[in-house]
Amino acid sequence: NYITTVVTRYAGVVRSWDVVNEAIEDGSNQLRNNVFRQRMGDDYIKKCYQWARNADPNALLFYNDYNLTFDAGKQAAMFAIVDDLLVDNLIDGVGAQMHIDIFFPSLAQIQSVVDGTVSRGLKMHFAELDVRVNPNNDLTALTMQREIAQQDRVREIVELYDAIPAANKFAITIWGMRDNETWLIDFWGQPDWPLLYDSSFQRKKAYTGFLEALD
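In the working numbering, the protein residues as written are 1 to 215.
What the hints contain is simulated information worked out from the structure, not anything from laboratory work. Fair warning: this is a prediction, and the values are worked out from it, not measured in the lab. In this text, a Cβ means the ideal position worked out from N, Cα and C, and glycines have one as well. It is possible that some hints are incorrect.
[As the list claims (entries may be wrong)] DSBU-like mimics (lysine-lysine), calculated; alpha carbons at most 35 angstroms apart, straight line: (1) K169 to K123; (2) K47 to K74; (3) K46 to K169; (4) K123 to K46; (5) K74 to K123; (6) K123 to K204; (7) K74 to K204; (8) K205 to K169; (9) K205 to K123; (10) K74 to K205; (11) K46 to K74; (12) K169 to K204; (13) K47 to K123; (14) K74 to K169; (15) K47 to K169.
[What the hints assert, rightly or not] Estimated spans, in silico, between C-beta atoms of each pair: (16) L211 to S119: 27 to 35 angstroms; (17) D138 to Q109: 22 to 30 angstroms; (18) E212 to T140: 27 to 35 angstroms; (19) T140 to N89: 25 to 33 angstroms; (20) Y10 to M177: 22 to 30 angstroms; (21) E159 to S119: 15 to 23 angstroms; (22) F103 to Y10: 36 to 44 angstroms; (23) E159 to L60: 37 to 45 angstroms; (24) I185 to F104: 15 to 23 angstroms; (25) Q38 to T5: 20 to 28 angstroms; (26) L107 to I185: 25 to 33 angstroms; (27) A167 to T143: 36 to 44 angstroms.
With the hints as extra help, turn the sequences into a complete structure.
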């Protein structure tokens with residue numbers, strides 16, 4: 001009822017849905033034993049996508065998860081879910097959460113999830129992009145050196161996305177606006193400046209790096 005009601009209500013208004021999000025358990029790479037699986041069975045994912053497809057056949061349906069770039073086991077588990085959905089044409093794209101830092105993961109690791117998505121004829125969403133500059137907690141204030149490193153990192157991520165075939169591009173979503181509002185500070189318990197604007201809403205070098213990649 002929930003999926004049918006919501007997707008029907010916004011049919012023709014909402015372009016896409018992350019129908020299922022973060023369904024894979026870290027470590028085991030098995031399905032999380034969440035309430036949906038407990039109440040609906042091991043095939044709950046396919047059921048949800050079928051209901052969404054029925055409610056709005058024109059909406060793009062995505063699966064979204066984190067650590068897909070560098071965790072090969074999780075990436076394989078994700079593509080197994082995707083392949084099962086593809087059999088019945090129930091999915092249109094993959095959202096790879098881009099909670100990264102200036103050092104990690106490598107471009108080759110990010111490219112791996114892009115290649116797997118494109119080879120399946122699906123759209124690629126770089127979801128939840130933020131770029132930590134203080135992953136080792138060695139800063140108390142943002143330095144010019146780290147800000148330039150962030151600019152370079154954002155530029156290369158956007159360049160990688162821009163090289164995706166046009167038919168397979170969906171979007172890049174930045175996960176927040178101002179540095180002081182990022183979820184990462186509370187999550188890691190340390191300072192960081194991962195976004196395109198500072199706390200005063202001034203454009204950072206990362207903002208310039210994003211634009212440079214689009215030239």
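| field | Unsatisfied constraints (hint numbers, rising) | value | 19, 23
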